[in-house]
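*Asks:* Sequence:
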Amino acid sequence: MNTTDAKAAIQEITNSCLGIKIFFVDKSNQIYDSDVDDELLADFRSEFVESLTRSYSNNESFTCPALSQEDGRNHALYHFDFNNDEPFEFSFLDKVNSLRADEPLATYPARDAGLGNLRGYIVRLRNADGKLMSFFQYIHHSYLATPGKTIFLTTHESRVVKLSHDVLRLGNRFVFAKVGDDYLIENVGVLEKEFGFDKIIRSKAAQYCTTIEEKALVTDLTKFKDQLTNDTSFARKLVKVCKGSAVIEKGISNETIIKFAMSKTFYQEKLKLSKDGSQFDLSSINRCRNFLTLLDDEFVKSELTQQEYISKTKDRAS
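Under my numbering, the residues of the sequence shown are numbered 67 to 384, in order.
If you're looking for bench data, these hints aren't it; they were derived computationally from the structure. Honestly, I wouldn't trust all of these hints.
Stated by the list, open to error - Each computed DSSO-like pair below joins lysine-lysine, with the alpha-carbon atoms no more than 30 Å apart: (1) Lys228 <-> Lys270; (2) Lys380 <-> Lys341; (3) Lys289 <-> Lys330; (4) Lys197 <-> Lys270; (5) Lys316 <-> Lys380; (6) Lys316 <-> Lys228; (7) Lys270 <-> Lys281; (8) Lys316 <-> Lys330; (9) Lys325 <-> Lys281; (10) Lys291 <-> Lys228; (11) Lys265 <-> Lys281.
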């Protein structure tokens, strides 16, 4: 799924969205009907659809790169491209999207269980043709007010009184969504930290490290491998390089890579070669990071101005 496909799929839902359902997911990963008031649902549908339209389907800055190419850009939904490595939580959306109209779910026992036992909530939108798009949002503690040691105040008639029940704030943001057969990620950080995707990233990075070893471009990968184990962002960068870098894709020779790097002041100051000049010496963390910057082809030059840049966020023009 590319940007054009994603925008069209979202527009198909938002342009004629008629229905909305909210489901609760508790900390045992059970899915419940939320039993939210119809009037509230109608208001929330309007707000949610407006947010989707503003942020994505009508936003000229919106892009939909592959998740493996995540680069921290704004206005992006990342298309999940790690086949057979889907987090368990994706099954929540699979289930609600496949529910039959005559297949009701149990209602969440809010009075007895409270809202503090919730792990997340699902928003399912339906358009005039019956097509669905669903969204999962993880409930961070900031979304929930639970009476306890902290005193929360609210109004009652003409007085200000202590809050005696849980309050959940519904927002327009989400961690991931499903439209058709595709999963779109909005919050990569939560996907990694709360749903175990960081382990998948590190595992993939360890596999891709063999690509670097096979190129024999580095004298010793000990420091590099240690960093893969200890730093998810570093592991993510290696996955990005090995799955999407033109340097790897085109099989650029070691000699060409080294010659290019040593011709640029930026890399001369940040990378070091072996004594015979045939390999890179990655004996420090900073050199490891700048080596990945080199392989990710982040050094670019404007044909218009001849100005040189380091660009972490870029899309291929051809």
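*Asks:* Compare the structure with the hints numbered earlier in the document and write down the numbers of the violated ones, lowest to highest.
*Replies:* When the structure is compared with the hints, numbers 1, 2, 4, 6, 10 turn out to be violated.
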